[in-house]
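*Asks:* Below, each chain spelled out in residue letters.
2 protein chains.
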Amino acid sequence: MKAALTLYDLAGAEPDRRFSPYCWRTRLAIAHKGLTVETIPWRFTEKEALAFSGQGKVPVLVDGARTIADSWAIAEYLEDTYPDRPSLFGDGQGRALARFINHWTDSVLHPAIARLILADIHAHLHEKDQDYFRMTRERFFGATLETVCQDREERVLSFRQGLAPLRATLAAQPFLSGDRPAYADYIVFGAFQWARATSPFALLASDDPIAAWRGHMLDAFDQLARQTPGYDHNINGR
Amino acid sequence: MKAALTLYDLAGAEPDRRFSPYCWRTRLAIAHKGLTVETIPWRFTEKEALAFSGQGKVPVLVDGARTIADSWAIAEYLEDTYPDRPSLFGDGQGRALARFINHWTDSVLHPAIARLILADIHAHLHEKDQDYFRMTRERFFGATLETVCQDREERVLSFRQGLAPLRATLAAQPFLSGDRPAYADYIVFGAFQWARATSPFALLASDDPIAAWRGHMLDAFDQLARQTPGYDHNINGR
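Going down the list, the protein sequences come from chains A and B. Going by the UniProt record's numbering, the first residue of the first sequence is number 1, and it counts up by one from there. Going by the UniProt record's numbering, the first residue of the second sequence is number 1, and it counts up by one from there.
Source of the hints: derived by calculation from the structure; they are not laboratory data. Treat the hints with care, as some may be off.
[Stated by the list, open to error] Some but not every residue of chain B turned toward chain A, in silico, with C-beta under 8 Å:
1) F89
2) D91
3) L145
The C-beta atom is built at its ideal place from N, Cα and C for all residues, glycine as well.
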């Protein structure tokens, strides 16, 4: 059966190593809607392959004649185009509050994880992407990838402290979205899946409620997120 | 008309200076539900006045024979007890996501604001509360109130950077909860109202989208939050 949707999805050296946190948001949102998707492995430097979308980053979703870029725009598109499928947001307030979690993840969680795994990501990139990645990320962080990631064994403790709002929420309810996972969970899980796909480093202690939630997210949709190569021992003691 | 509800509400030296961020969550939640409340000014050291609630902190809500402590528990109580009134959360996913914002506010926003205004809070306390406040807060922060708050003119810039998720959300939609304010807004606004009631220090730049939202929150429910004494010039340029 031909898949309904096509997704351009960031890949590492191996075509099946899919590690973009933003693309994982979209992968899980598509699964949540019960839709099928064909994913096309894409590398950072293949800008011309995305020219049709009017910009140069993934995820890019193609749905028939429609092309949508940006993970949040794609989530809103899926929700509004397939309203009879399971909802990603619940209602208007759910969508509005998920936007805060989206921005928290982008501006707090991602930079904090990047400071622990950037050098590992580089090691998993396709050769043709490595110079591009090093140049753009070293400019952003103002230091070499290796310098950014040094002393991570000590720094991970303050990283874990910074996850306090996430931990307290997941200690009180099974998922960020409540009893069942929905888009807010996919946003945050994408960050941990990014690390899982690229780094052996243990972000979480094994007794952390976030680690239990991460396990449930890996199991969701017939273990969809386990299908990409990754380090399942990047949680202490697992 | 006798008010339906009674709320024990933290007060400063003047009985009408109500400055608890947690009590403001509850005040606004009660207004959102269209209920009336009689507030009883309470000071930190009046532990015996709350003995009937089985604990020693405000807010404490009394609704007929029911007594509820803790702002989150009170919000859930109001939502579940008055389901026909305007909803605080929208649906189950809205409530679940508001819990994350509750924990973000408690563990990130409040400590960050405290490091800018603790000494000002102390100056506005009832005399009988000042030693208690100094002792408990200095123990928590491991420094004198004055040391915690020093160099705040320089540090406020990184404080404002830390508000990035809030700012990006409020640049995209009028309220955290969407087109209209709801409980997630009351949670975060409580923190800014805490500062407004106790400190002349400018937490926000006047062109910050968060400042515009704060103004709308001060206007809500017939300017309910403006009825307590406070510093309206604690936003630059206002």
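*Asks:* Please go over all the hints and tell whether each is borne out by the structure.
*Replies:* Cross-check of the supplied hints:
no.: 1; hint: F89; in the structure: 7 Å, holds
no.: 2; hint: D91; in the structure: 5 Å, holds
no.: 3; hint: L145; in the structure: 23 Å, violated
Checked against the numbered hints above, the structure violates only hint 3.
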